[in-house]
Amino acid sequence: MTRPITPQEIVERCLELSTTAGTSATGGSHGLTVLVDELSRANLRWANNTLTTNGTTQERQVTVIATVDGAHGTSAGVVGRSAVTADTLEQLVRAAEHAARENGPAEDAQPLVADSVSADWPEEAGATSPAALSTLAPALGEAFHRSERQRRILYGFLDHEVHTTYLGNSAGLRLRHEQPTAHISITGKSRDLTRSAWVGQAERDTSEIDVTALDAELDRRLAWASRRVELPAGHYDTVLPPTAVADLMIYAYWTMSARNAHEGHSVYARPGQGTRVGERLCEQPVTLWSDPAAGGLECAPAVLARASSAEQSVFDNGLPLGRTEWIRDGQLASLIQTRHSAGLTGLPTTPAVDNLRLDVDGAGSSLEELVSGVERGLLLTCLSYIREVDPQTLLLTGLTRDGVYLVENGEVTAAVNNFRFNESPVALLNRFSHASTTVAAFSREWGDYFPRTAMPALRVPDFNMSSVSQAS
Amino acid sequence: MAHEIDPAFLALPMRSLADAALQRARDLGVQHADFRLERIRSQDLALRDGTLQGSHDGEDVGFGVRVLHEGTWGFAASVEISTEEAVRVVDRAVELASISRPLNTESVEIADEPAHPDVSWVSAYDVDPFSVPDTEKVELLSAYSRRVLEQAGVEHVQAHLQQILEGKFYADTAGTVSTQQRVRVAPVVEAIAVDQESGRFETMRTLATAAGRGWEYVTGDDGVVSWDAALDELGPLLAEKLAAPPIEAGRYDVVIDPSNLWLTIHESIGHATELDRALGYEANYAGTSFATLDKLGKLRYGTPLMHVTGDRTARHGLATIGYDDEGVQTQQWDIIRDGILVGYQLDRTMARAKSDVLGTSRSNGCAFADSPGHVPLQRMANVSLQPATGGPSTDELITRVDDGLYIVGDKSWSIDMQRYNFQFTGQRVYRIRGGELAGQVRDVAYQATTTDFWGSMEAVGNPQTYALNGAFNCGKGQPGQVAPVSHGCPSAMFRDITILNTAQEGGE
Chain A
0 MTRPITPQEI VERCLELSTT AGTSATGGSH GLTVLVDELS RANLRWANNT
50 LTTNGTTQER QVTVIATVDG AHGTSAGVVG RSAVTADTLE QLVRAAEHAA
100 RENGPAEDAQ PLVADSVSAD WPEEAGATSP AALSTLAPAL GEAFHRSERQ
150 RRILYGFLDH EVHTTYLGNS AGLRLRHEQP TAHISITGKS RDLTRSAWVG
200 QAERDTSEID VTALDAELDR RLAWASRRVE LPAGHYDTVL PPTAVADLMI
250 YAYWTMSARN AHEGHSVYAR PGQGTRVGER LCEQPVTLWS DPAAGGLECA
300 PAVLARASSA EQSVFDNGLP LGRTEWIRDG QLASLIQTRH SAGLTGLPTT
350 PAVDNLRLDV DGAGSSLEEL VSGVERGLLL TCLSYIREVD PQTLLLTGLT
400 RDGVYLVENG EVTAAVNNFR FNESPVALLN RFSHASTTVA AFSREWGDYF
450 PRTAMPALRV PDFNMSSVSQ AS
Chain B
0 MAHEIDPAFL ALPMRSLADA ALQRARDLGV QHADFRLERI RSQDLALRDG
50 TLQGSHDGED VGFGVRVLHE GTWGFAASVE ISTEEAVRVV DRAVELASIS
100 RPLNTESVEI ADEPAHPDVS WVSAYDVDPF SVPDTEKVEL LSAYSRRVLE
150 QAGVEHVQAH LQQILEGKFY ADTAGTVSTQ QRVRVAPVVE AIAVDQESGR
200 FETMRTLATA AGRGWEYVTG DDGVVSWDAA LDELGPLLAE KLAAPPIEAG
250 RYDVVIDPSN LWLTIHESIG HATELDRALG YEANYAGTSF ATLDKLGKLR
300 YGTPLMHVTG DRTARHGLAT IGYDDEGVQT QQWDIIRDGI LVGYQLDRTM
350 ARAKSDVLGT SRSNGCAFAD SPGHVPLQRM ANVSLQPATG GPSTDELITR
400 VDDGLYIVGD KSWSIDMQRY NFQFTGQRVY RIRGGELAGQ VRDVAYQATT
450 TDFWGSMEAV GNPQTYALNG AFNCGKGQPG QVAPVSHGCP SAMFRDITIL
500 NTAQEGGE
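For the protein sequence lines, the chains are A and B, in the order given.
Using numbering that gives the first Met the number 0, the first residue of the first sequence is number 0, and each one after it goes up by one.
Using numbering that gives the first Met the number 0, the first residue of the second sequence is number 0, and each one after it goes up by one.
Among the clues, some could well be false.
[Stated by the list, open to error] Footprint (simulated), chain B over chain A, 3 or more residues, beta carbon under 8 Å:
(1) 150-156
(2) 242-255
(3) 275-288
(4) 384-391
Keep in mind that the hints were calculated from the coordinates and are not lab data.
Computed from a prediction, not measured in an experiment: that's the story for all the values here.
Where is the CB? At the ideal position from N, CA and C, for every residue including glycine.
Could you build all of it, start to finish, from the sequences and the hints given here?
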């Protein structure tokens, strides 16, 4: 049996096979870029206090980007394949070159990023296996047994993945990034299904997950729900915990395309022409930022783009990423840029980063302290099924889920029914009255795809609960 | 004429890998094992103002093995195509089943299904989109874009085309072997208008949705979409929308076009009648369902006009296939009859576990995995509202409304975790006054509780109003999977529906 080809060999072999690489003047955009993504994953899923599905997978995705100079500009062809062998690489490179020639000039063409090499480039891809889950399985089993005894039902998901990316190009770039992610989320319900609670957590490794502590938090929340009160739709003094703030702020971040704003069709567009960068979005000293080196949220320190869109460009692969403030002290400071859109908007090149953090300057209190200041209002758990209703204001709709609690005189006194909300995260930043310190916050709605977030809790005096949902 | 399965897919060593994997599984003493090898070709093209903005041409090949070992599932997958790896993958699946065994309190059994030895199936299409040169595709989308961009008031145009060629090989320890191929496409063109002075902007897109069809759907050669007309109306409709008066929030009678109603069916009926949701399997993610198993045969879902079917057999349906990812032959069945809940969407595990209540011990073929690296879940069939033979036309439905709205095209959608409370918007919404259309209004959303909404359905349109619409991106499961699905429906009329003004909702 032949030895499987390594990711580094795939990169080097594709570059050797390229008819475009090596023919360009230094700093040109003519050439070849290769990304090899190695994904190793193991997971367990459960419902009704028993296992339902599981999986352990080894995936590979090879993306070859050929960039070809022509009379009218540089064109790009992008071809991705999962199963590759040494014999099929030439076909892959030719397919990318063919696609580039057929596609015609790309408007986002820029010189390839040159001459940067990761010290760990020669290392093997990280891996996980079923064994990574075996340390948590006994605690889960114990939680199932405890739930049976306490007439509770648990549902949830535990996932561990290691995603290693190798990026190389014909301009001498060789970058390796290893991204481990472990996350767990658990929904707990009373046996009669009238009470429901949820907890979630993302870490870099399963060893940092404490199933027993999460289960205890579910217990505390289900106990809050032992009394139930029905409330009508209306505007409520509402405490959004960090996970619910993450649900909303991730969406506000994902819609920060500089190109869309520049063209006038986004909440970040200025009437007439251009973007709202520089404009004050809120009076409070709010800073929304990303940083590949942010503690506990570490992520790829360079652009990894497998296709071009309004928000990313394949030509920008390997551009270094650093701390980027999207909102600084309440002022819109940056939007998601490619080098091409930066040219269009006349703003700095600030590509997207794979984490997000919101800080409110001067906020020193905890979630509990925020709750203690509420005379009569609501404490949420998380939000669900968030969709854009009006991009003009970034009005989002969605629902509360798995625990809405009545707060009276600073104490949680009951659980209340769920609601549909209609709110804009941008408007909320200008309306919140109190904020807590920022803590790690796993988004219920988007965390499976965007787990690296840290948020404060926010208290909003008039959160719009548009109608009642009977869901429990 | 049915196409042949792509020889390049058939050339993959699927049978030798399946033989090695299933033999290893038998040697390890499993109760059941299935092997699935897939090749999914995909191409995405995105144009902005007629210029190609991004493209991606993908081909995912891999295989997965699911074992039922000592009453517990184990699933493992790989992209290394070799018999040695196939054996290792079985070992990993059995290892995972062993680690999972202490967590499993219910010994799993699966519903019977006759063996289907060496069957094959190909979806209905004329032209495989992967046989069309890329230049031709980009030129067509560019021409579509320019045709819209030239219209008065159109500031920007975005065009997007997704194409999939799915090859699926399945073999199990009971002797079923199936080889199948499906083609699907999703073309969309969206026009954007921006009022420079006020900064207000609006969008309007073509109504054609994703379909289980080939390149002929994108060109219009099959006559399903009249592209010239669909593109030429965007500018004028958009200008009218930008100048339209806002809706006054309140309660209105509404006529809903199939281009909008399909998504409401998807969310409020399709997902609610997935048995895995009703049993709580999705409680931590996609949600559960109010339509629980104890309500089967009793729940009044809506008016007696409601006849809703599930199928994986409708020609051009996105969920349509010959055999599901558990080797079950697909079929059509009733979900709601005379307004009463009478059926669910099933897989083999649930069909067996709940056979006493369901009154059947067989799966109706709703298992699907979106890739070789994912385990099959119960996923949605084409869930469709049947039209009324001899029923009204869309125009006749509108004449029955004195003061109301006509809603066309899907846009925003959201529904709660138990499928009660939903809110939808449309591409364009017309005022109806005195039984006639009276121009567009803006900022409209309709909000209702599922059974109230379907209980207010006073009329369903005739078969001439019936249309099949769908999407590629129905999400479910952890790790997340997407599934393609279609929904057929006629136009229909609903009385006394809550209508919101979305600008007011946003505090304006």
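Right, here's what the structure says about each hint:
1. 150-156: holds (count 4)
2. 242-255: violated (count 0)
3. 275-288: violated (count 0)
4. 384-391: Held - the stretch 384-391 of chain A has 8 residues with a Cβ nearer than 8 Å to chain B, which meets the minimum of three.
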